[in-house]
Amino acid sequence: MAGDALSSGKPRKSFSSLIYDPQARGIFYQVVTVASVALFVWIITQNTIHNLEKANIASGFGFLQGRAGFDIGQQAIEYTSDSTYGRALLVGLLNTLQVAFFGIITATILGFLVGIARLSHNWLLAKLAQAYVEIFRNIPPLLVIFFWYKGVIAILPQARDSVVLPLGGFLNNRGLFFPKAIWGEGSWMIVAALGVAIAASIVIFKWARARQARTGQQFKSGWTSLGLIILLPAATFLALGAPLTFDYPVAGRFNLSGGTSIGPEFISLYLALSFYTASFIAEIVRGGIKAVPKGQTEAANALGLRANIITRLVVVPQAMRIIIPPLTSQFLNLTKNSSLAVAVGFADIVAVGGTMLNQTGQAVEIVAIWLVIYLSLSLTTALFMNWFNAKMALVER
Amino acid sequence: MANVDFTYVRKEMVAAREAPSNAKGIGHWLKVNLFATPRDIIFSILAIAFLAYILPSIFRFVFIDAVWTGENRTACTTVSQGGALPDGQYGACWAFVTAKFEQFIFGRYPLAERWRPMTVMIAFTLLLIPMLIPKAPFKGWNALALFILLPTVSFFLLTGGFGLPYVETQLWGGLMVTLVLSFFGITVSLPFGILLALGRRSNLPAIKMLCILFIEVVRGIPLITVLFFASVMLPLFLPDGWTFDKLLRALIGVSIFASAYMAEVIRGGLQAMPRGQYEGADSLGLSYWQKTRLVILPQALKLVIPGIVNTFIGLFKDTSLVSIIGMFDLLGIVTLNQSDANWATPVTPVTGYLFAGFVFWIFCFGMSRYSLFMERHLDTGHKH
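For the protein sequence lines, the chains are W and Z, in the order given.
Mind the numbering: the first sequence is residues 156 to 552 in the working numbering, read in order.
Mind the numbering: the second sequence is residues 267 to 650 in the working numbering, read in order.
If you're looking for bench data, these hints aren't it; they were derived computationally from the structure.
Being a predicted model, the structure only gives us computed values, none of them experimental.
From the three backbone atoms N, C-alpha and C, an ideal C-beta is built for every residue, glycine too.
What you were told as hints is all true, and nothing was included just to trick you.
Just some of the chain Z residues that point at chain W, by a computed CB distance under 7 Å:
id: 1; residue: 313
id: 2; residue: 472
id: 3; residue: 487
id: 4; residue: 491
id: 5; residue: 498
id: 6; residue: 499
id: 7; residue: 505
id: 8; residue: 590
id: 9; residue: 597
id: 10; residue: 615
id: 11; residue: 623
Just chain Z, with the same shape it has in the complex (with noise of 0.2 Å):
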């Protein structure tokens, strides 16, 4: 008998067929995600007809009807309001954030002078982008550059000295005073939040006594009260004949506001480390500081990257508060700029706000997608 082979191997597979043509395209997309269920209808129907409410005006606001050239308000408001416009033109007056535009950035600051905050923007723009990028080489120089140097120099060449003619803090405003605010803030927060951090976890009672009544007093009040104690009572606390600038005061009551937020932050950091990882630094020999340098502080401070972010944006957003105490800051000049009789009309504070809005959220919005990439980019796959 012929030995017969009835086993069968399929030697060529058979081409894959299309998904069914009810299961691709853009209308199965829109089944899926947004009909699928009768609840799913009434909520799509809502959120489109609300789209198509807000959207067409906000468009209309900010792009069609609005002003984008001008020399004073009369470009900016209706015939029956004194101006050029038609009647019932209702838009944002872009012209003027462009004539406002140098004083929403710098202030008061002289004119002539202007290129002395304009440098310290570009040195701190071309020092803090080889910081944020991981991969950049001299990271320990940058820092020292980025954290030591920069603001030195700065300190200098935006107050004056060396020849410069001396600009008082009075005269600085909009966005200048908003970034350095913020950045000393965050240079400041950071070292004094892991001392207090570090203070709050330590074994010494009389030390961790003093660092929980200082945290929890600062975070039991708000920021502006803050502020106003810096602005009204640091000036009772120093001898005779000593005066503290009005920056310099709002400096600080930034700085002692955020180091008790980031020492919150940080010892969240501390308390997720393993104990396990403070006993081996202990059984290797290492003194508290060499412990707290080299095993605990970078892998704690690794975990909560997303926090210090988050506390930076909080500043950040916070610097807008000293515009209550005085001081012009972005929001500040914004505000004070919307009483300039020139440009006086229903439409400038809309305006200016949004503009305002539109620079902080850019920055906010900014260093909130930074942290998401670092927490990625850190993230060593270790997961308990």
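Bound conformation, chain W alone (with noise of 0.2 Å):
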């Protein structure tokens, strides 16, 4: 009988009971899974190896020495046509870090105003926060991008007739052009004045804490540390004399000589990516504070504190607990964005790597490249907000 075969210790192996062995039957899944992927990846692999020996293409990354020959727009580092490819890489990741870094300051500042606006008792300012996140929230952010570069910085004017902005600036369709600071000698003391402050902050806010957990009395930590944050380094400034110059641009026939620029490929797509991204980052933060329960606020104005103060000590610390976890996946996603920089002409990774790829046919090198830093890219942030988070999580006793 079957249920013999349950109760004694020893089941018979017969062929039928292992058919219906669940363990068995996983085993069989997970072999024909594996062996399929691992022919399917042979295939491909045998097929590749084919198709790059008959159209002359060497594998490896030995290409990467070899000499770029195409000019780059925006450097961070130096770099001519006579450079490597692997420093033309090099050249399109910090483009692609640094329209990525200013790209994730200026959506979250503008989404969190954005994000409390709509929140706002205020009729109009909710409704026009509404409107900022319904419209760009639904457009492709590549439009956003051509819509900024091709119908509205392609037709600012021309250089000799520029848009004179204040503080030296000039505006017109080759980019935006300001002074460029000169630092004379001794500026490292500024820099480091600056580090003392912010040393000299941390320890004083530390000091606060502990002094108020201790005694109940409190100290306005945060205006003593910006009066030290700005004061320092300007004192320090004014002791060594001031040794700042600008080299202002100066507006030529043709174009700006003097100064330095930003170029409109950059401008378009940081302008576009800053948008898009706030209008996603503006929900995350309006659904985080709607998701504090009205309970919290309640307590908290029965304990007689002031609006602000809820605001800075009970609702904002609760809903950063869950705004933080969306937040990164739209850092992400806006690092991600950062490769339609493609499509205007500004040498990302991705750029730099498309050129690179219909100059040398090094097709499978030049997409693992991009898999390796994207993917670490992707992996640093996770594991940067992971430690913000846990940090700010509730810590439940």
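Work from the hints to combine the two standalone chains into their complex.
Now the structure itself:
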């Protein structure tokens, strides 16, 4: 009987019992899956090797030593068309990081402002914020990039009649030009003063918190450290005799000379990504704040706390726990969307890789490089945000 | 002593009084909603100033100063630019959109054959509308027609065969390509996403690892690299003499990408299911697939409808990226047509992008509203 087989310690190993054994089945399915995936990979590898040989493309990363031969508009490190492919990739990577960094900061600030505005009691403000979110969330970011690049910046005046901005800046269809700061001798001391001020502020914050826990007395650590961070570098600056001069851009007939500039590609990419991502961040912030139970605010009111203290000490810390995980994925999305740079010719890692791909035909290697770079960027951001999340997480007793 | 009844019961109600005059009407509304506190007053004034600054100029650009009819660029350029408009007039060139409208919809599909995509679009709309109305009958047959029959018929209708002349996909373009890509991506990504999500939650370590690897790698890289991968590496994978159509490569790239995202959304639903549902199904003696199909998925999918629709919206917007790998979807064809010498004016790009943005917006906004509606419709009121 079947029941006997179950109750006795040694089940009979007949073939039919093996078929119905979940463990045996599991192993069978896994073997089949892994084998078919392996077969699939083997077939495409064979085909790829064959196709590469036919096209006379040497595989391997040796091509990175070759001369690039193309120019890059915006470069954070020294680069000419005589530099190697490897250096071109590095310039591209730095450009990606740059646009992602500034984009993330702007999108976060804008997103928080819009998200809080959506919850405002002010009807007009709430509706404006809602309109912003609904418009930008539902339009492809690529379209917004094109809109800025070809629709707005391209029809700005030409260099000879640039829009003159305050503080010696110029705006024309070649981008934004502004004075370049030239730091004189001893300027490193200003940076050092800033570092000292920040370190001192951290110490003050820790001391103030410990004292408040011990005695209940508060200390205006926020204002103190703000003053420290502004005044200490400023005093150093003045003590050194203000070692700062500006190189102003000068309007020429066809272009501006001097100063520094940001190209239209970077501006359009940066604006589009920030505006697009901010609409998502706004929704996350709104959701996070709304998810804090009403009882929390009411209890804080009952304790007699003032409105701004309630926001700062009760609502925001609880809302942040809900906000941070989706915020992380928005940051990652922005970083990945910065690859849209290729559409307007901003030399990010994908655009540089694409140019190299056309020149060398090393498709496998370049796709692998992209894969590694983006995966490590994702991983780094995820690790940092996980650390931050753990710091903010609810400590339960 | 006479029995005096001191009780008093009111027999007639006093008519309700009107609200005090300072607590009703538009003045009260303004006071509560716009000018409640000093801070509100500042914000409201700033907002009104912003609107007063921006709305009239947008309105002038889009309607008053816009050019609605015209044959070529002279209609939309000012005298100093060599056109007919008075200097200083700056408005949208809708004549450009009117002239290129058919291209924006069908791309360079041959004129004589445009009834074919037209038929597909009409059939798609006719099948989609009853599918979207929850009360419409014959859902099963409708789904079969929409997701199996229509794609098969459309394939032959659009590419050719059965006596119809062959139209190569190079000529496809415009909104048609956008819709084909997103419909295909949506239809493929849902089943694949479900399989990947189940695989990721599976007890079988090898299957689990493979699914995690696929999902995380694809989600870690931008779509444009997936599309580059599809367009430059897929041909390398094939044996001699085989080629992939360019559109097919884009379809594969988009589907790979969408499946990974869909898998994560569905995994969220699977994880949100209470353990008791799994255990209950097990105790009824259901097999894995019975359990998944009859108990888990119907509930889990319902939970994540907003996420699924958001993925669809993302996919729809992302199809615009195929213009980078040299295909002419709606965005690509709008960009392409701006360089048409016959229509090149300073306002053509803005006009074209406004039009394309409006079309994308209508579709995405419609989908998000529909998702809100379905969420409310399917909400059975079980709140944990």
